[in-house]
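Trainee: When you get a sec, could you build the whole thing from the sequences and use the hints?
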Amino acid sequence: MPASPGLTHQPLPEPQRRSLGNGVNLVQIDLPQAPVVCLDLWCRAGSACERSDESGLAHFLEHMVFKGSQSLEAGEFDLKVEALGGNSNAATGFDDVHYHVLMPPEAAPQALELLLDLVLQPRLDGDDFAMERQVVLEELAQSEDQPEEVAFQELLRQACGSHAYGRPILGRRDALEAHSPEAMGAFHQRHYRADRCCLALAGPLAGLDLDAALNDSPLSRLPRSEPLAAIPTLQLQPGHTRIELQRLEAARLLMAWQLPGAADQDTVMGGDLLTTLLAEGRRSRLVEQLRERLRLVESVDLDLNVLESGCLVLLEAVCEPEQLQEVEQQVRRVLLELIEQPPAEAELERAKRLVGNGYRFSLEVAGSVAAMVGNSQLWGRHHNLQRPLDWLNDWGCERLSREVIPLLHPDRAFSLQAVPS
Amino acid sequence: MSAAGLIQPRTLPGGCPLWLIERPGAGILSAKLWMRGGSSADPSGQRGAAQLLAGVLSRGCGSLSGDALADLVEGSGAGLRCEAAEDGTLLSLKCASSDAPSLLPLLLQMVQQPWLVSDQIDLERQLNLQTLQRQKEDPFQLAHDQLRQLLYSEGPYGHDPLGVDADLRTLSRDQLQQLASRYGQNGAVMVLAGEIPTNVEELLLAGVTDAHWACQPPQRSSGPQGQSQPAISVSNDDTEQLVLMLGATTTPLGAPQALALRLLHCHLGVGMSSRLFVALREEHGLAYDVGVHFPARLGDAPFVFHLSSSSERAAEATTELLQEWQRLLDQPISEAELELALAKFRGQEALGRQTSSQIADRHALVLGHGLPFDFADRSLAEAAQLRPDDLLAAARSLLAAPSLSLCGPASALEQAEAVWRRHSLSRSQPQPVASSS
Chain G
124 MPASPGLTHQ
134 PLPEPQRRSL
144 GNGVNLVQID
154 LPQAPVVCLD
164 LWCRAGSACE
174 RSDESGLAHF
184 LEHMVFKGSQ
194 SLEAGEFDLK
204 VEALGGNSNA
214 ATGFDDVHYH
224 VLMPPEAAPQ
234 ALELLLDLVL
244 QPRLDGDDFA
254 MERQVVLEEL
264 AQSEDQPEEV
274 AFQELLRQAC
284 GSHAYGRPIL
294 GRRDALEAHS
304 PEAMGAFHQR
314 HYRADRCCLA
324 LAGPLAGLDL
334 DAALNDSPLS
344 RLPRSEPLAA
354 IPTLQLQPGH
364 TRIELQRLEA
374 ARLLMAWQLP
384 GAADQDTVMG
394 GDLLTTLLAE
404 GRRSRLVEQL
414 RERLRLVESV
424 DLDLNVLESG
434 CLVLLEAVCE
444 PEQLQEVEQQ
454 VRRVLLELIE
464 QPPAEAELER
474 AKRLVGNGYR
484 FSLEVAGSVA
494 AMVGNSQLWG
504 RHHNLQRPLD
514 WLNDWGCERL
524 SREVIPLLHP
534 DRAFSLQAVP
544 S
Chain L
-19 MSAAGLIQPR
-9 TLPGGCPLWL
1 IERPGAGILS
11 AKLWMRGGSS
21 ADPSGQRGAA
31 QLLAGVLSRG
41 CGSLSGDALA
51 DLVEGSGAGL
61 RCEAAEDGTL
71 LSLKCASSDA
81 PSLLPLLLQM
91 VQQPWLVSDQ
101 IDLERQLNLQ
111 TLQRQKEDPF
121 QLAHDQLRQL
131 LYSEGPYGHD
141 PLGVDADLRT
151 LSRDQLQQLA
161 SRYGQNGAVM
171 VLAGEIPTNV
181 EELLLAGVTD
191 AHWACQPPQR
201 SSGPQGQSQP
211 AISVSNDDTE
221 QLVLMLGATT
231 TPLGAPQALA
241 LRLLHCHLGV
251 GMSSRLFVAL
261 REEHGLAYDV
271 GVHFPARLGD
281 APFVFHLSSS
291 SERAAEATTE
301 LLQEWQRLLD
311 QPISEAELEL
321 ALAKFRGQEA
331 LGRQTSSQIA
341 DRHALVLGHG
351 LPFDFADRSL
361 AEAAQLRPDD
371 LLAAARSLLA
381 APSLSLCGPA
391 SALEQAEAVW
401 RRHSLSRSQP
411 QPVASSS
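So the sequences go chain by chain: G and L. FYI, the numbering for the first sequence is 124 to 544, going by the numbering used here. FYI, the numbering for the second sequence is -19 to 417, going by the numbering used here.
Some hints could be false.
[Unchecked claim] Pairwise CB distance ranges (calculated):
#1 G:Asp513 - L:Arg358: 26 to 34 Å
#2 G:Gln452 - L:Ser45: 27 to 35 Å
#3 L:Arg407 - G:Glu372: 54 to 62 Å
#4 L:Gln121 - G:Glu521: 44 to 52 Å
#5 G:Pro444 - L:Ala361: 50 to 58 Å
#6 L:Ala316 - G:Asp176: 41 to 49 Å
[Unchecked claim] Just some of the chain L residues that point at chain G, by a computed CB distance under 7 Å:
#7 Leu107
#8 Gln113
#9 Glu117
#10 Pro119
#11 Gln221
#12 Ser288
#13 Ser290
#14 Leu320
#15 Lys324
#16 Arg326
#17 Arg333
None of these hints come from the bench; they were simulated from the model. Yeah, the Cβ is synthetic: ideal placement off N, Cα and C, and Gly gets one too.
Mentor: Printed below as a string of structure tokens:
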């Protein structure tokens, strides 16, 4: 079998790694064809790091970072970056947070200086804090007006038990109303630390001398962290529930399964293959059976969420309320069939092509390359861009059947039926 | 652009322009076939036909059944999408360039020899009906649909490309067949970007019964019009937030004042330094999501402010939003603001040219509008010549009479409506329509 089916074999660019004196890891990847450079600063400071009274603080802090630093006024960062033809954004997850800037190459050194100042030395002004709290509360209200999001949140709450993955990243309203700039400052100091941050750079980097600036930067002056309590492994509880939701127009079947955590990248790839085999494209098992043949659903999706404390596979089927029972039974049947009988070679080959091409296509964009290598580096995974394709190729039907397919047994899932009230 | 390589304009035997944009290295090929005649061309009583037809194209064509076609496409790990938008139907293929020989022939086969199996039409119809129903869960969708009614009424842009429930239910195979037989007659263009096979024309024509697919290059022509008079529409929904959409119908892509509006869009709604973001979110904490919607259209494109804010702050949010619109009509933006808007316009252009797929897509769009291949580069040069007064003039002639769409709980609607009634924009007179050139 060819090493990576379908695509020609140009060697992929190699990530270059080094560390600053204080231990901060840097990873750079040269993409000469890309029109922009992506600077991506990652930190192990997602919502799973929050203590019980810190609900929503990780995400709220991500907002507050853009309200200025010791040397940047509120809004000044955005203005400078955008005046240089770039843009920036940030995202807070369960495990980590990252801040990224896309820039024309010639403006990258300036953007780097701005980004490090902004993220590592936030001002956390009291008036800005009160104003931004309103914005976060509006974000929460907006998500609560989407009944589908409410259903997913309820699924995670019930499936994940006491684990942080069961709690909303946006936070609880009462907690958000109680937070103070001081508590946020303490959270920042605890987590935005040399051994918990890394910087990824991707794009046409040749000729950009960023090293000198990095060696004397807020990043190089970050202290190391104090010891922190480990985040426990997820223990997903199988179960079943049914809820009624206002403003829902179609019923939903949502299901969640646990897979090993992101550290096991090989199994993550197996999970990617399995979800693709089951629900990606018209000829995947679930789509073919539920949408095309039985015509029970408007859509059925199966997503792999790669997470450190345990990956989550989430299923969503959209259907008429009266079809809900039948949909759940059919999902069950499809999964049990696959558990009984390993997939055919052609089926696995199809999944490999889809996953492999999707991966190769994503390498066209500097932002997604930076995010991939940055996230891996943050969690101590040092594989290059080729390695995931090798893992992909090593999966066979027998092994998938033995090691991954049983993990999606319907009895291992938590399932939630949501119907219009 | 340094990232774009050799560009070759060609013509397929029946007249369809074919543009090849060579981008070696990544082993990827992206192909776009853009055909004029999207949902705005849905015949009377057949709203949703263009999208339904597009959805059925990949459910069997030429010698391939729907299953065989899906096996071929998915088995190659490729992506194939067929979708109707307001002004056109777009077929999009993205694949490993080594799979091009087996996949490129599908494009014209789908257009010329779709099977249109009744059973598959019924399935696709049912899925579209369900999607229309589910979309009502989203208050933004409700506000958007309502604004579309205000701006375009029963006109060609007056419905969702997915269609309207009653029409969609009655669409027949014959009606779809008729629509399919007219593909290309109003203009079509094909754009390929990436690693392009040497015998590309041969591949594109492989398997078609008639290599002369009669079609013409897309021409400049006037598209659907909108209304411009102040109006309000409200929808009572039991939500936390009030969704506000304030919009007017403007002008087609490439029209004289479209570029000035594009710069206003950058000024108002692009990035975190944009005027609406700073004024409504940063200074008032009124919203998480605030922005401007200004799609490229063949006809009178909508230009829309959108915002969602807690219902108890409905009056304040409405006041601020109207004030921002009024400001556009009252005073020119500053030189510094114009400079920033230009930087964003350039930045967006660069970011929109990262992948083969993006490059093919953008060229297909402008060519489909009957504009020159280098339209984007020309626009960048022309934009640098515009002055603040040009933007003010464009706002005054095109944005003078916006309409307001609201979706939220009754108390919030009442407050917002009262603010609107008191504001002069609710009584504004539209400018006489400028003569088009």
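Trainee: Hints the structure violates: just list their numbers, smallest first.
Mentor: The structure conflicts with hints 1 and 3, although it agrees with all the remaining ones.
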